[in-house]
Amino acid sequence: MKNFLIVLGLTSGFLVSTVSADALKNSLNNILNTKDSSGMVNLNGVSVGAKPKHRTIKKVRKSRPSSAVIGRYNDGKPVHKREADKYIKKATKGKIKDLDLLPKKQRLMVLKDLKRMYAIKHFKSRPAEAVVATVNGQDIHKKSADNYLKLVTRGKVTDFDKLDKKQRLVLIKELARPMILQDAIGQNLTEEEKEAVLSQAWLQKQRATTKVTNDQMLALYEVKKAKALAVNPQAQIPPYISLGENLKNEIIEKKIMAELMEDVNITVNFDTNETVTANESNESSVKLDKIPDTKETE
Amino acid sequence: MKKLLMTLGLGLFLSTVTASAATAGTVNGMKITVKEANKALRALTKGKMTWAKLPKEGRKQLIEMMAPSKLVAAAARKHLTAKEKQAALAGFWMQKKMSKIKISDKEAKNAYNKMKKMAKKAKSKAKIPPFKRAKNNIKMQLAQEKVVSKLMKKAKIRVK
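First to last, the protein sequences are chains A and B. For the first sequence, our numbering assigns the number 298 to the last residue and increments by one with no breaks. For the second sequence, our numbering assigns the number 1160 to the last residue and increments by one with no breaks.
If you're looking for bench data, these hints aren't it; they were derived computationally from the structure. A few of these clues could be false.
[What the hints assert, rightly or not] Short, incomplete list of chain A residues facing chain B, as computed with Cβ under 10 Å:
{"#": "1", "residue": "A133"}
{"#": "2", "residue": "V197"}
{"#": "3", "residue": "Q204"}
[Unchecked claim] For lysine-lysine, the following DSS-like pairs were computed, each having C-alpha atoms within a straight-line distance of at most 27 Å:
{"#": "4", "chain 1": "B", "residue 1": "K1135", "chain 2": "B", "residue 2": "K1097"}
{"#": "5", "chain 1": "A", "residue 1": "K173", "chain 2": "B", "residue 2": "K1150"}
{"#": "6", "chain 1": "A", "residue 1": "K254", "chain 2": "B", "residue 2": "K1078"}
{"#": "7", "chain 1": "A", "residue 1": "K254", "chain 2": "B", "residue 2": "K1060"}
{"#": "8", "chain 1": "A", "residue 1": "K143", "chain 2": "B", "residue 2": "K1156"}
{"#": "9", "chain 1": "A", "residue 1": "K93", "chain 2": "A", "residue 2": "K121"}
{"#": "10", "chain 1": "A", "residue 1": "K143", "chain 2": "B", "residue 2": "K1160"}
{"#": "11", "chain 1": "B", "residue 1": "K1127", "chain 2": "B", "residue 2": "K1139"}
[Said to hold, decoys possible] Simulated restraints, written as ranges between beta carbons of each label pair:
{"#": "12", "chain 1": "A", "residue 1": "A226", "chain 2": "B", "residue 2": "P1129", "range": "45 to 53 Å"}
{"#": "13", "chain 1": "A", "residue 1": "I237", "chain 2": "B", "residue 2": "M1049", "range": "33 to 41 Å"}
{"#": "14", "chain 1": "A", "residue 1": "K143", "chain 2": "B", "residue 2": "K1083", "range": "14 to 22 Å"}
{"#": "15", "chain 1": "B", "residue 1": "A1119", "chain 2": "A", "residue 2": "D161", "range": "36 to 44 Å"}
{"#": "16", "chain 1": "A", "residue 1": "T213", "chain 2": "B", "residue 2": "K1160", "range": "53 to 61 Å"}
{"#": "17", "chain 1": "B", "residue 1": "M1049", "chain 2": "A", "residue 2": "K211", "range": "36 to 44 Å"}
{"#": "18", "chain 1": "B", "residue 1": "G1058", "chain 2": "A", "residue 2": "E193", "range": "38 to 46 Å"}
{"#": "19", "chain 1": "A", "residue 1": "K86", "chain 2": "B", "residue 2": "P1129", "range": "52 to 60 Å"}
Note that the structure is a prediction, hence the values are computed from the model and not measured. Glycine included, each C-beta is placed from N, C-alpha and C at the ideal position.
Bound conformation, chain A alone (with noise of 0.2 Å):
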């Protein structure tokens, strides 16, 4: 009997142990074959015989000391870092107190911007006769540029020596323009043309500012409507509001005449026997399309 329960206690050890073989057998294929999820790491892909790669570690950099020498003047003078700070603590309210705290650039905009205001600040303004420019050959004194800079800016910038280079060159250029125009008429414009456009400047400028009444208008309307109608009594005279303009017209030039002609002293010469050569030139000042037909009929 005793023998009989071993051999049954054996043989269903045996059955079960089999079973749960089998199992753990399944479980295992099945981690094999779904994706990790458990956020291990994943070693796959891995080579081993690879260099590690370079680490960069930022370094972190030392304030310099506030009599530090960050860079020179223009006049040679060391720019100290205290300045510099003091400088950046103001422009960002306190918020920046050290230069070193910034990237590079910006330390050089910074020592940039020191540079100019000690510029500013100790400058020598050269005297007013001083030659600032040389425009064809010709002088600009900085007298000529100051004023004109202070027209320019309203009086807020009255020192050309205060602007910087690009600056001085653009009013330069401006303040020659009008000299290189002048230097152009002079090459291009014949003294001819020369009196003839000034001659018809000053005439528009008598036009203007002669004044005509309607009185004098209307006594000449009068005098031509008579003319007029002498000579053809059915001629149709045309309404006096029409010829308005050129009644005005009419009167100014005979009064810029009248006036040009007031007490004017001409002689002629009759002793004049030279014969026309033919080498005289075609040069004249008088333009005869332009002379007012006043002494014509006198």
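Following the hints, position chain B against chain A.
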């Protein structure tokens, strides 16, 4: 013989110089040369008459006719300010130069579009005229810019 030719040549030269510089008349002391009188006569008579052939009365009439232009020129020299003179001459010179510069319709259209864009960007409330109406003004403006920039390029500017 050589001497004679030389004397003759010199005499001829002097006579032509004096002829062209000889005075036909004066207006308030300003000379009107025979050359000027002949030029005026050529224009008036289509080359049929010269000062030498002109009778006394004709000479007087011609000088009186030429007097106003002399007087106007003198008045302009005397009464126009330096600025006025400069402005008048500059305006004339600019017009002369601009007349030689040609601006194509395409250039004008491009400039017009640019201006329109700028006005939009600036949120300008000013009414922009159609291209057809603004074309000529734009062309003039472009021509003027061209003249000035050409002039400025040629200039030798040195800032000290």
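Consistency of the hints with the structure:
| no. | hint | in the structure |
| --- | --- | --- |
| 1 | A133 | 5 Å, holds |
| 2 | V197 | 5 Å, holds |
| 3 | Q204 | 9 Å, holds |
| 4 | B:K1135 with B:K1097 | 19 Å, holds |
| 5 | A:K173 with B:K1150 | 13 Å, holds |
| 6 | A:K254 with B:K1078 | 21 Å, holds |
| 7 | A:K254 with B:K1060 | 21 Å, holds |
| 8 | A:K143 with B:K1156 | 21 Å, holds |
| 9 | A:K93 with A:K121 | 23 Å, holds |
| 10 | A:K143 with B:K1160 | 14 Å, holds |
| 11 | B:K1127 with B:K1139 | 19 Å, holds |
| 12 | A:A226 with B:P1129: 45 to 53 Å | 48 Å, holds |
| 13 | A:I237 with B:M1049: 33 to 41 Å | 38 Å, holds |
| 14 | A:K143 with B:K1083: 14 to 22 Å | 18 Å, holds |
| 15 | B:A1119 with A:D161: 36 to 44 Å | 38 Å, holds |
| 16 | A:T213 with B:K1160: 53 to 61 Å | 58 Å, holds |
| 17 | B:M1049 with A:K211: 36 to 44 Å | 41 Å, holds |
| 18 | B:G1058 with A:E193: 38 to 46 Å | 29 Å, violated |
| 19 | A:K86 with B:P1129: 52 to 60 Å | 56 Å, holds |
This entry does not satisfy hint 18, going by the numbered hints stated previously; all others are met.
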